[in-house]
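Chemist: Sequence:
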Amino acid sequence: MIYDMDYETLPREALEAIQLRRLQATLQRVYATVPFYRKRFDDVGFKPSDLKSLEDLRRVPFTTKQDLRDNYPYGLFAVPMENVVRIHASSGTTGKPTVVGYTARDIETWATLMARALSAAGATRGDIIHNAYGYGLFTGGLGVHYGAEKLGASVIPISGGNTKRQIMIMKDFGATILTCTPSYALHLAEVAHEMGVDFKDLKFKAGLFGAEPWSEKMREEIERKLHLSALDIYGLSEVIGPGVAVECLEAKAGLHIFEDHFIAEIIDPNTGEVLPPGSAGELVFTSITKEAFPVIRYRTRDITSLNAEPCVCGRTFVRMNRVSGRSDDMLIIRGVNVFPSQIESVLMEIQGVEPHYQLIVDREDNLDRLTVLVEVGESAFSDKVKTLQDLEKIITKNIKEYLGVSAKVKLVEPKTIARSEGKAVRVIDNRKL
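For the sequence shown, the numbering used here begins at -10 and goes up steadily by one.
I should point out that these hints are in silico values taken from the structure, not numbers from a laboratory. It cannot be assumed that every hint is accurate.
What the hints assert, rightly or not - Once the Cα atoms are required to be at most 20 Å apart in a straight line, the calculated PhoX-like pairs of lysine-lysine come out as:
#	residue 1	residue 2
1	Lys399	Lys389
2	Lys206	Lys421
3	Lys160	Lys206
4	Lys206	Lys192
5	Lys214	Lys189
6	Lys386	Lys404
7	Lys54	Lys85
8	Lys54	Lys28
9	Lys421	Lys404
10	Lys399	Lys382
11	Lys189	Lys153
What the hints assert, rightly or not - Label pairs and their computed distance ranges (CB to CB):
#	residue 1	residue 2	range
12	Pro62	Leu377	48 to 54 Å
13	Lys382	Glu5	55 to 61 Å
14	Asp187	Gly141	25 to 31 Å
15	Glu5	Glu262	18 to 24 Å
16	Ser334	Glu5	30 to 36 Å
17	Gly141	Lys241	52 to 58 Å
18	Arg94	Gly185	15 to 21 Å
19	Gly34	Ile7	26 to 32 Å
20	Leu356	Glu262	38 to 44 Å
21	Ala269	Ser334	28 to 34 Å
22	Thr405	Pro266	47 to 53 Å
23	Met184	Val301	35 to 41 Å
Fair warning: this is a prediction, and the values are worked out from it, not measured in the lab. The C-beta atom is built at its ideal place from N, Cα and C for all residues, glycine as well.
Between the sequences and the hints, there should be enough to build the whole structure, so can you do that?
Modeler: This is the structure in structure tokens:
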């Protein structure tokens, strides 16, 4: 099902004309209202009036996550705060979150994009959507929620956790569409099995799963255990949230990027050069309808490629292939962005801890588990067992409070963690995606 037939099936020439017009307006607006962009453009001798074609976009400087951190919290907002009706945030490498804002029109745009995404999964006004994405500063929960209401469907704002209660509500309320992370979907299946509930007896027909990397093998497992069609959805808070791109039910072969709102590029992560169509590289987005927080050539650090071939569903938007990796050291743990430098900043505040640590990520019972190995000093390690246990509890508590992610902390003896002459090996990711 296509929610917005007029835009989602536009001929390429008409779509690119809309993109150019909206891009020109966006560049003019950020140059006039955001000092950061004005200086960045001036530094390279670029004026918004210089942009005559979509190809000219490659003359514009990139925006990075570091730029967002440097302008924390509202330095990149393009409207006065009195026009901002919503603020969301995602974790950043220094502990300060990446802050994004929305005007009332931005919220309406976002809701429309999510209505499109849900429609791509086959959702209609007659469906009941069980929304198990987290509500709060994380964009997932409210993004799906407003999209479901825009579509006219019934939405159950269950959020994450309390899994047994979720199973009961799924059974009693008759939900037909599931939205959550893919790992939590499999966890739901396991808990349901323990409770004697068979998903085959529930009413689910499809699910939109995102916020963390997953594979075709994992899709097959979700579909087998939950008896529904599992679709991938992509988004990031810096661009708008969920609803930037989505798979369609008909093909399940790449995620349609909503190009009337976002311009996608693939660049060489090392040189920044735009790569030819079909090449794998780093995904870059420019928002062309956002009012409060437009981003210009934002480097996502996600590695993928674009597919412009026609899709059987009828949508004419380019498709992005499944993200295959990152060009930085960020981890995604149950939908939460975690950088080794964040963990390091927590550890360095605690007395008795050495500056040597390692993050080990496993997937157990279909859920991501983060273990933090931390070296302690000679004196600390020779202390009583209770002292070490207390130190582990402090580190665990601080990581949870500081980063919003649960981790198992294991203290190890001095010089236990392997040293490297080059870049330290901070992360061991054992997940088989």
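Chemist: All hints, please: hold or fail.
Modeler: Each hint tested on the structure:
1. Lys399 x Lys389: Judged against 20 Å, a Cα distance of about 15 Å means the pair holds.
2. Lys206 x Lys421: 9 Å, holds
3. Lys160 x Lys206: Distance of about 27 Å is beyond 20 Å: violated.
4. Lys206 x Lys192: 23 Å, violated
5. Lys214 x Lys189: 8 Å, holds
6. Lys386 x Lys404: Since the Cα atoms of lysine 386 and lysine 404 sit roughly 25 Å apart, the hinted pair is violated (cutoff 20 Å).
7. Lys54 x Lys85: Holds - the C-alpha atoms of lysine 85 and lysine 54 are around 12 Å apart, at most 20 Å.
8. Lys54 x Lys28: 17 Å, holds
9. Lys421 x Lys404: 29 Å, violated
10. Lys399 x Lys382: Roughly 10 Å separates the two Cα atoms, so the pair holds.
11. Lys189 x Lys153: Roughly 17 Å between the alpha carbons, so the hint for lysine 189 and lysine 153 holds.
12. Pro62 x Leu377: 48 to 54 Å: 38 Å, violated
13. Lys382 x Glu5: 55 to 61 Å: 57 Å, holds
14. Asp187 x Gly141: 25 to 31 Å: Because 30 Å falls inside the window, the suggested range holds.
15. Glu5 x Glu262: 18 to 24 Å: Holds - the Cβ-Cβ distance for glutamate 5 and glutamate 262, about 21 Å, lies within 18 to 24 Å.
16. Ser334 x Glu5: 30 to 36 Å: 44 Å, violated
17. Gly141 x Lys241: 52 to 58 Å: 25 Å, violated
18. Arg94 x Gly185: 15 to 21 Å: 48 Å, violated
19. Gly34 x Ile7: 26 to 32 Å: Holds, at about 28 Å.
20. Leu356 x Glu262: 38 to 44 Å: Since the Cβ atoms of leucine 356 and glutamate 262 sit about 39 Å apart, the hinted range of 38 to 44 Å holds.
21. Ala269 x Ser334: 28 to 34 Å: The hinted range 28 to 34 Å holds for alanine 269 and serine 334, with Cβ atoms some 32 Å apart.
22. Thr405 x Pro266: 47 to 53 Å: Check passed, 48 Å falls within 47 to 53 Å.
23. Met184 x Val301: 35 to 41 Å: Check passed, 38 Å falls within 35 to 41 Å.
The structure fails hints 3, 4, 6, 9, 12, 16, 17 and 18 (numbered hints given earlier, in ascending order).
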